[in-house]
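Trainee: Spelled out, the chains give:
2 protein chains.
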Amino acid sequence: MFVRASTRAAARLQQPRHVLARRTFSSLELIPDEPSRPNVVTGAIPGPKGVALSKEIDTFQDSRTHVIVPDYEQSKGNYLVDADGNVLLDVFAQISSIAIGYNVPSLLELGRTDEFIKAALNRPALGSFPPAQWAEWIKTGLLTVAPKGLDQLVTTLCGSSANETAFKAAFMAYRAKERGAGADFSKEDMESCMLNQSPGSPQLSVLSFKSGFHGRLFGSLSATRSKAIHKVDIPAFDWPCAPFPELKYPLEEHVAENEAEEKRCLEEFERILIDNKRTRPVAAVIIEPILSEGGDKHASPAFFRSLRLKAREHGAFFIVDEVQTGVGATGTFWAHEKWGLKEGEEPDFVTFSKKMQAAGIYHKKETRPNAPYRNYNTWMGDPMRALQARKMIQLIKEHDLVSHTAATGALLASKLNTLFASPAASGKILNFRGEGSGTFLSWDLETPAKRDEFVAKMRKAGVQIGGCGERTVRLRPMLTFGESHVGVLCETMEKVLGGM
Amino acid sequence: MFVRASTRAAARLQQPRHVLARRTFSSLELIPDEPSRPNVVTGAIPGPKGVALSKEIDTFQDSRTHVIVPDYEQSKGNYLVDADGNVLLDVFAQISSIAIGYNVPSLLELGRTDEFIKAALNRPALGSFPPAQWAEWIKTGLLTVAPKGLDQLVTTLCGSSANETAFKAAFMAYRAKERGAGADFSKEDMESCMLNQSPGSPQLSVLSFKSGFHGRLFGSLSATRSKAIHKVDIPAFDWPCAPFPELKYPLEEHVAENEAEEKRCLEEFERILIDNKRTRPVAAVIIEPILSEGGDKHASPAFFRSLRLKAREHGAFFIVDEVQTGVGATGTFWAHEKWGLKEGEEPDFVTFSKKMQAAGIYHKKETRPNAPYRNYNTWMGDPMRALQARKMIQLIKEHDLVSHTAATGALLASKLNTLFASPAASGKILNFRGEGSGTFLSWDLETPAKRDEFVAKMRKAGVQIGGCGERTVRLRPMLTFGESHVGVLCETMEKVLGGM
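Residue numbers (our numbering), protein chains in the order written: chain A, 1 to 500; chain B, 1001 to 1500.
Do not take every clue at face value.
As the list claims (entries may be wrong) - Calculated lysine to aspartate or glutamate pairs in the DMTMM-like style (CA-CA distance at most 20 Å, straight line): (1) B:K1227 to A:D184; (2) B:K1365 to A:D58; (3) B:K1210 to A:E191; (4) B:K1139 to A:D58; (5) B:K1148 to B:E1470; (6) B:K1139 to A:E56; (7) A:K210 to B:D1189; (8) A:K338 to A:D238; (9) B:K1139 to B:D1151; (10) B:K1076 to A:E191; (11) A:K415 to A:E494; (12) A:K187 to B:E1470; (13) A:K139 to B:D1071; (14) A:K365 to B:E1056; (15) A:K49 to A:D71; (16) B:K1227 to A:E191.
Stated by the list, open to error - Here are the in silico distance ranges between beta carbons for each label pair: (17) B:E1188 to A:K450: 26 to 34 Å; (18) A:T140 to B:G1085: 19 to 27 Å; (19) A:A44 to B:K1055: 53 to 61 Å; (20) B:R1312 to A:K450: 53 to 61 Å; (21) A:K365 to B:I1229: 15 to 23 Å; (22) B:I1229 to A:A228: 47 to 55 Å; (23) A:A181 to B:E1253: 50 to 58 Å.
Stated by the list, open to error - Sample of chain A residues lacking proximity to chain B, with all beta carbon distances greater than 10 Å (derived): (24) P32; (25) P35; (26) V41; (27) R64; (28) D71; (29) Y72; (30) K139; (31) L251; (32) T279; (33) E337; (34) S403; (35) T418; (36) L430; (37) A449; (38) V455.
Please keep in mind that the hints were generated in silico from the structure rather than gathered at the bench.
Even for Gly, the Cβ is constructed at its ideal location relative to N, Cα and C.
Based on the provided sequences and hints, a complete structural model is requested.
Mentor: Here it is as structure tokens:
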């Protein structure tokens, strides 16, 4: 099966691209027993069992954020089954963190191997005692999808720690550059850092963008600019925030305005870089290719390329946060591939997590710390998640799921354009966006309340869909999401919008 | 098997304590094929295969921190096997993060269950879509070992994020208290926090102690005060650091001096709490029961109890970081159980990770945030690690491994006292400490170089042992470490010390 699929994938790679696109992948290839449609069996969702289970959890852990209580053992592929037996098409995928599907047989098969079980139950302190197979696991897995120009990898456990690992590497490299080649830390550096004082704890900063989201730990939260409720009451570093373009849609009707908006943001970005040199120099710039939690905000490839070049011009490292955009959902493996960066212009760091299940940073050898134990911790990632990532990467390649997702996204966008222009949706949907970014599509409703109503009604009609920003709905289906799921999604949306 | 063991454990619980202590647990009960002693087969460790594998890893990831490259598939119980086939008694246990042993059959059995495999490969966004079995898994697992007085649990992925989750909860609760019951955030709070400015991003602090270690992310690293190389070049919060007693050993010969030292530290601690009220009020105090990375520094139960009470008196939450000390190795399940805190004096937060494999915080219901999504993230822990923790907790209880470790620690301390007084060790070992703290024993050598030489020679003689602080050797064996391992360790130490 493996050999056949590999051969097929190899054969496809030799075909011209338009032929590739015509081959239709069906999720049934990977998940033969995936349901064909939703099935809602309780009047409300969650149903009585879900409500009771949430209440039980609430005795020891806050349950106010619960949406439903799933039965993961029964869920299959793109369909999430809840504790009451409701079968929902899941286009939110655990906040965009499921790549292939629930209970995919070939992943469960991996889970049953001795290699996986021993990796799971003998978790090493990877930085000091790496498993004998570590190089093999990484070279045949995570490194095969390394972004162009980045051949170094540090694994971590989640997206927040991936971003903070990149921050730390950037600060170290920035200070090393300031000190000059080969120069050692000064006595003053070593003493002052123990008191959290400058110069050892330097007054440097990470620049991020309005509506950006980079995590919830203290460094990543200082860079996060999504919502006040994420940040309020938590001490933060005095780091700068640059504006991110507020594009108008449809894009083709606002070309000049959007260009002017991007120009304004670029100028302001550069001004902040320059101004901060006197106060807290910017050691690193971090940005998502699509600002996801903040409301699916897009900008042009030219805008991102300019940011990258301006950051370099002013001596700041450039970190692309692909925690949510990475691993194929935008129709390329990494979303920043669409920026058209030339050789030598690649980002300094690309961070990942979520759909990869493994997390970490790709970077260049020049940003390795100058001494060991500087960007180090006990686990430094989890080999078992690296094995899972390797298997998923193999499946993605064998089944050409990135091209599939690009094609599915195009089909879905076309159907949504038709639906949103129909009487059922008339005036209810604003700012449809993401065309050309695979299934990473989104739109606004008129108000936050309308958005919440839409999401709740979709769930009741059998589709688990997610929000972001103030009044946005974001699609985050898996990579096996295809034509049949598009049909279910669009039908359900039509029905729900008609009733709103 | 399960039933028999449970029955036996139940029977033991009805016996008086001195009878319990007399029953000898052998690691062979849990790991029948554990080697009986080390076997070193290469001239140097790592051997040629290990060196080659490190070099291969170094093409993509820093290998300067590698100690050996283990073959985890061949390792068993307390014995770590490396890629060259060297069999080492492991008393470092992946920086204190293996509780029971390598490839313990009953843990591998758990790994082969459908429940575990599906939990591993269908990782949920736990805060919003918790598994239907979550309450059951936690109530029969992690909650059964909750520290006294703390019945709430938030899971995370590692120790650093556990500590930062506690910091965030403490800051939120502190500000809620300042605002008064039921008061909402002000408009100014909500706006200023988006700019990382006060009052929304408050000028509050976490107080930690000299030589304390609490992690490597930006908040936890600001509280960490172990070594400059961990902190230099990384921006830090201007948070205060209090002195930690530098006790003199042997304790019985320095009673008055040590009491004076603890008194001095307590007074300075209180002075900092008071002084900071005018600048950056201390919202939380964090401390390890034994300052581990910083060099295995101990203080008296009375000292810790005074800290706890003084913190409360001055309005600061009290966080006990049991990431390294938790889960039995000190002879009680939690090290802070030895402090004799009375009802109502319990810590506000206890954090854990490492040997638990699952990570997180135990806390009280009063420190739940006032609104949802405030201390939230995508994964919020990993159910598969909670299942692993549950199984390990069951094994620890069934085999009474905490009492076993207390007894083993007493035996080992007695043997080490004899060894250290012998001609072989004469003058080479200083400050032997940790008696009464299970197997959490440590000592200094004369210089950092001597310590490193000792550790390297021990490895060559078949024992993987770890350092900490400047010149300390720390023992961190697993909970199945027993009389036979004590014999191997002491013999090897005698030989190595004799040759130094």
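Trainee: All the hints need checking, so say for each whether the structure fits it.
Mentor: Going through the hints against the structure:
no.	hint	result
1	B:K1227 to A:D184	holds, 16 Å
2	B:K1365 to A:D58	holds, 10 Å
3	B:K1210 to A:E191	holds, 13 Å
4	B:K1139 to A:D58	holds, 12 Å
5	B:K1148 to B:E1470	violated, 35 Å
6	B:K1139 to A:E56	holds, 10 Å
7	A:K210 to B:D1189	holds, 17 Å
8	A:K338 to A:D238	violated, 32 Å
9	B:K1139 to B:D1151	holds, 10 Å
10	B:K1076 to A:E191	violated, 43 Å
11	A:K415 to A:E494	holds, 11 Å
12	A:K187 to B:E1470	holds, 17 Å
13	A:K139 to B:D1071	holds, 18 Å
14	A:K365 to B:E1056	holds, 15 Å
15	A:K49 to A:D71	holds, 11 Å
16	B:K1227 to A:E191	holds, 10 Å
17	B:E1188 to A:K450: 26 to 34 Å	holds, 29 Å
18	A:T140 to B:G1085: 19 to 27 Å	holds, 24 Å
19	A:A44 to B:K1055: 53 to 61 Å	holds, 60 Å
20	B:R1312 to A:K450: 53 to 61 Å	violated, 47 Å
21	A:K365 to B:I1229: 15 to 23 Å	holds, 21 Å
22	B:I1229 to A:A228: 47 to 55 Å	violated, 37 Å
23	A:A181 to B:E1253: 50 to 58 Å	holds, 51 Å
24	P32	holds, 17 Å
25	P35	holds, 16 Å
26	V41	holds, 15 Å
27	R64	violated, 4 Å
28	D71	violated, 5 Å
29	Y72	violated, 4 Å
30	K139	violated, 8 Å
31	L251	holds, 27 Å
32	T279	holds, 13 Å
33	E337	holds, 20 Å
34	S403	holds, 25 Å
35	T418	holds, 31 Å
36	L430	holds, 24 Å
37	A449	holds, 17 Å
38	V455	holds, 12 Å
Hints 5, 8, 10, 20, 22, 27, 28, 29 and 30 from the earlier list are contradicted by this structure; the remaining hints agree with it.
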